[in-house]
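Colleague: So you can see what is in the structure, the chains are spelled out below.
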Amino acid sequence: MSGLTLRLKAPASERINLDGVTPAKLAALSGHEIAKLNVGIDKGGLALGDAFDISGSASETLTIEGAGPNLDFVGGGLDSGTIRVVGDVGSYAGRKMARGKLEIRGNAGHYLASGATGGFIHVSGNAGDNAGGFIPGDRFGMLGGVAVVGGNVGARAGEKMRRGTIIVKGKTGEGAGTRMIGGTIWAEGGIGPLPGFMMRRGTLLGPSVESLLPTFIDCGKHDLVIVRVMSRYFKSTLGDLAPAAMPLFVRKIGGDLATIGRGEILLPAA
Amino acid sequence: MSKTVNGVEIDDTFAEAFGMTGTGIIITADSLKWARIAATVATGFGTSVIGAGAECGIDRELSPDDTPDGRPGVRILMFGFSPDALVPQIRNRIGQCVLTSPGSACYAGLKAPQSIGLGKAPRYFGDGFQTAKKLGQSRYWRVPVMDGEFVIEEETGVTTDAVGGGNMLILGNDRAGLLETAEAAVEAIAKVDDVITPFPGGIVRSGSKVGAKYSGMFASTNDAFCPTLRGTVKKSELGPDTLAVLEIVIDGLTSKAVADAMRAGLKAVTDTGAKRGVTRVTAGNYGGKLGQHHYHLKDLI
Chain A
1 MSGLTLRLKA
11 PASERINLDG
21 VTPAKLAALS
31 GHEIAKLNVG
41 IDKGGLALGD
51 AFDISGSASE
61 TLTIEGAGPN
71 LDFVGGGLDS
81 GTIRVVGDVG
91 SYAGRKMARG
101 KLEIRGNAGH
111 YLASGATGGF
121 IHVSGNAGDN
131 AGGFIPGDRF
141 GMLGGVAVVG
151 GNVGARAGEK
161 MRRGTIIVKG
171 KTGEGAGTRM
181 IGGTIWAEGG
191 IGPLPGFMMR
201 RGTLLGPSVE
211 SLLPTFIDCG
221 KHDLVIVRVM
231 SRYFKSTLGD
241 LAPAAMPLFV
251 RKIGGDLATI
261 GRGEILLPAA
Chain B
1 MSKTVNGVEI
11 DDTFAEAFGM
21 TGTGIIITAD
31 SLKWARIAAT
41 VATGFGTSVI
51 GAGAECGIDR
61 ELSPDDTPDG
71 RPGVRILMFG
81 FSPDALVPQI
91 RNRIGQCVLT
101 SPGSACYAGL
111 KAPQSIGLGK
121 APRYFGDGFQ
131 TAKKLGQSRY
141 WRVPVMDGEF
151 VIEEETGVTT
161 DAVGGGNMLI
171 LGNDRAGLLE
181 TAEAAVEAIA
191 KVDDVITPFP
201 GGIVRSGSKV
211 GAKYSGMFAS
221 TNDAFCPTLR
231 GTVKKSELGP
241 DTLAVLEIVI
251 DGLTSKAVAD
261 AMRAGLKAVT
271 DTGAKRGVTR
281 VTAGNYGGKL
291 GQHHYHLKDL
301 I
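For the record, the sequence lines run as chains A and B. The opening position of the first sequence corresponds to residue 1 in my numbering, with each subsequent residue numbered one higher. The opening position of the second sequence corresponds to residue 1 in my numbering, with each subsequent residue numbered one higher.
Hints listed in this document are in silico derivations from the structure and should not be mistaken for laboratory results. Because the structure is a prediction, the values reported are computed rather than measured. Every residue, glycine too, gets a C-beta built ideally from N, C-alpha and C. Watch out, some of these pointers could steer you wrong.
Claimed, not checked - Reference listing, derived: stretches of chain B covered by chain A, where coverage requires no fewer than 3 residues with Cβ under 8 Å from a Cβ of chain A:
id: 1; segment: 60-73
id: 2; segment: 134-146
Stated by the list, open to error - Think about it this way: if two alpha-carbon atoms lie no more than 20 Å apart in a straight line, the pair counts; the simulated SDA-like pairs of lysine to any residue are:
id: 3; chain 1: B; residue 1: K134; chain 2: A; residue 2: T237
id: 4; chain 1: B; residue 1: K134; chain 2: A; residue 2: G144
id: 5; chain 1: B; residue 1: K134; chain 2: A; residue 2: R262
id: 6; chain 1: A; residue 1: K235; chain 2: B; residue 2: P64
id: 7; chain 1: A; residue 1: K96; chain 2: A; residue 2: G137
id: 8; chain 1: A; residue 1: K221; chain 2: B; residue 2: G103
id: 9; chain 1: B; residue 1: K134; chain 2: A; residue 2: Y233
id: 10; chain 1: B; residue 1: K134; chain 2: A; residue 2: M246
id: 11; chain 1: A; residue 1: K252; chain 2: B; residue 2: G128
id: 12; chain 1: B; residue 1: K111; chain 2: A; residue 2: T237
id: 13; chain 1: B; residue 1: K134; chain 2: A; residue 2: G118
id: 14; chain 1: A; residue 1: K221; chain 2: B; residue 2: G148
id: 15; chain 1: B; residue 1: K134; chain 2: A; residue 2: A245
id: 16; chain 1: A; residue 1: K252; chain 2: B; residue 2: G126
id: 17; chain 1: A; residue 1: K235; chain 2: B; residue 2: S63
id: 18; chain 1: B; residue 1: K134; chain 2: A; residue 2: R99
id: 19; chain 1: A; residue 1: K252; chain 2: B; residue 2: G148
id: 20; chain 1: B; residue 1: K134; chain 2: A; residue 2: R200
id: 21; chain 1: A; residue 1: K101; chain 2: A; residue 2: R84
id: 22; chain 1: B; residue 1: K134; chain 2: A; residue 2: A98
id: 23; chain 1: A; residue 1: K221; chain 2: B; residue 2: P144
id: 24; chain 1: A; residue 1: K252; chain 2: B; residue 2: F129
id: 25; chain 1: A; residue 1: K221; chain 2: B; residue 2: M146
id: 26; chain 1: A; residue 1: K252; chain 2: B; residue 2: V143
id: 27; chain 1: A; residue 1: K235; chain 2: B; residue 2: D66
id: 28; chain 1: A; residue 1: K221; chain 2: B; residue 2: F129
id: 29; chain 1: A; residue 1: K235; chain 2: B; residue 2: S138
id: 30; chain 1: B; residue 1: K134; chain 2: A; residue 2: S236
id: 31; chain 1: B; residue 1: K191; chain 2: B; residue 2: L32
id: 32; chain 1: B; residue 1: K134; chain 2: A; residue 2: R201
id: 33; chain 1: B; residue 1: K111; chain 2: A; residue 2: S236
id: 34; chain 1: A; residue 1: K252; chain 2: B; residue 2: P144
id: 35; chain 1: A; residue 1: K221; chain 2: B; residue 2: V145
id: 36; chain 1: B; residue 1: K120; chain 2: A; residue 2: R201
id: 37; chain 1: A; residue 1: K96; chain 2: B; residue 2: Q137
id: 38; chain 1: B; residue 1: K134; chain 2: A; residue 2: R232
id: 39; chain 1: B; residue 1: K134; chain 2: A; residue 2: A242
Sequences are here, hints too, so could you generate the full structure?
Modeller: The structure is reproduced here in structure tokens:
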């Protein structure tokens, strides 16, 4: 495969921080400078060249092989190009990503796509808690882009999410869309218990929901044009990764009425 | 030197057209019938930019595969003097005619580097209950209405490379046959993408000249082409056998589209015109000094 390849030398004994290690950044550096990049957790910590075998030449694509759950911030700040990861990654993958593509052939830890403003993320396995969520100090969770998770996601997916889309082929954990401000979470395997706590706006879609907060109200059966627009948009941009189109009629459950209640959970109408 | 094609004389002259601002909008509905109704009403009273504020028309019908929501639709075009001049036209026409039409939705119908508000104003009809969904670069507003939701994209593309006022004047000695021929020309032009013929049925019977004897009138009847004035005005353009003249005005998003439309229209006229009493085709111009675009009829046959 063309482009630079980083292969983890041995299961690392400490956490590795790959924030800002992007194809564009590496392309601007010499081989020596790349090897000297600090990927440890503190100043003067682990150097990239000590943790990884580096091969190939920098291009639009960066490949990380032999990855493991101790690799944090993979694709953090990605602005262009593609990062492919073979193996699992730790927390904060795709953090504040703006453009480009992050493909993870494995599982992702917590806070996947947190604060992302754009780009495309595909995790073939599961993702941990707070996917598309926010971290203390942030005003919002995910702000744009699309994240597709092949498996399940943990609790509070899309917390304080404002824009963008999270597509979950499996199920969401408890409290998906907590404090959501906008955006879309589409859980093809079903929405976990008590979604949308204090959600203002935004959309959760799925075949079923495990349980509802008492502040969510059944608004009835509707054929919503926007659901068709979304289905067609995802089909045209994501191809096989797109969620299967919802049936023509959906049941709209509106909430959270503990706040302004403009959010919605859309389920197939019986 | 004029040229005769299939018995129809084609004048050696040119249509003089102007640079305009144009935009495209897709209107969908539950059925093509209702998309057409919304589009027809939204483009109504959109004949001349001088009197109507914008020149509007239906460009083409769209199959469900070609619309953002998979429902049948219609693409309309609107032309005005400038992007700023189109803003109130879009606001009022969409707000009054599309928002109100059962089952309708409204999307960008032109991809261009420059954009103009489409749902920016109509969304406020939602009175705070409206929500937005951003997909890729497009933001869709969802305005709750009595039959569900009115979905409207926030912006559409706008081009300042559009052309307004491509035209041809068709002269004949039989009024019914002339109208049939003009209708055939409008049908042929309708098959060309990115153009509209903004006048009633695509045909103008009251061609105008610039200015008038009355102050405050920008345009007045084109007396040189009025058959009843032949012989009484200083310079009539009409020969003794001409009974009536009809004009087709064409607006297009590009100069090429206007030229293609004129070519298609001229072909329809020369193919079937002679037997219906069409004698001659000419074009309107102002000596070539006012308009940036000149379409010479001889180049289009």
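Colleague: Please go over all the hints and tell whether each is borne out by the structure.
Modeller: Against the structure, the hints come out as follows:
no. : hint              : in the structure
1   : 60-73             : holds (count 4)
2   : 134-146           : holds (count 5)
3   : B/K134 <-> A/T237 : 14 Å, holds
4   : B/K134 <-> A/G144 : 9 Å, holds
5   : B/K134 <-> A/R262 : 16 Å, holds
6   : A/K235 <-> B/P64  : 15 Å, holds
7   : A/K96 <-> A/G137  : 13 Å, holds
8   : A/K221 <-> B/G103 : 16 Å, holds
9   : B/K134 <-> A/Y233 : 11 Å, holds
10  : B/K134 <-> A/M246 : 18 Å, holds
11  : A/K252 <-> B/G128 : 19 Å, holds
12  : B/K111 <-> A/T237 : 17 Å, holds
13  : B/K134 <-> A/G118 : 12 Å, holds
14  : A/K221 <-> B/G148 : 10 Å, holds
15  : B/K134 <-> A/A245 : 18 Å, holds
16  : A/K252 <-> B/G126 : 18 Å, holds
17  : A/K235 <-> B/S63  : 18 Å, holds
18  : B/K134 <-> A/R99  : 16 Å, holds
19  : A/K252 <-> B/G148 : 12 Å, holds
20  : B/K134 <-> A/R200 : 16 Å, holds
21  : A/K101 <-> A/R84  : 8 Å, holds
22  : B/K134 <-> A/A98  : 15 Å, holds
23  : A/K221 <-> B/P144 : 15 Å, holds
24  : A/K252 <-> B/F129 : 15 Å, holds
25  : A/K221 <-> B/M146 : 14 Å, holds
26  : A/K252 <-> B/V143 : 15 Å, holds
27  : A/K235 <-> B/D66  : 14 Å, holds
28  : A/K221 <-> B/F129 : 18 Å, holds
29  : A/K235 <-> B/S138 : 16 Å, holds
30  : B/K134 <-> A/S236 : 15 Å, holds
31  : B/K191 <-> B/L32  : 18 Å, holds
32  : B/K134 <-> A/R201 : 13 Å, holds
33  : B/K111 <-> A/S236 : 17 Å, holds
34  : A/K252 <-> B/P144 : 13 Å, holds
35  : A/K221 <-> B/V145 : 15 Å, holds
36  : B/K120 <-> A/R201 : 19 Å, holds
37  : A/K96 <-> B/Q137  : 18 Å, holds
38  : B/K134 <-> A/R232 : 14 Å, holds
39  : B/K134 <-> A/A242 : 16 Å, holds
Hint violations for this structure: none, all hints satisfied.
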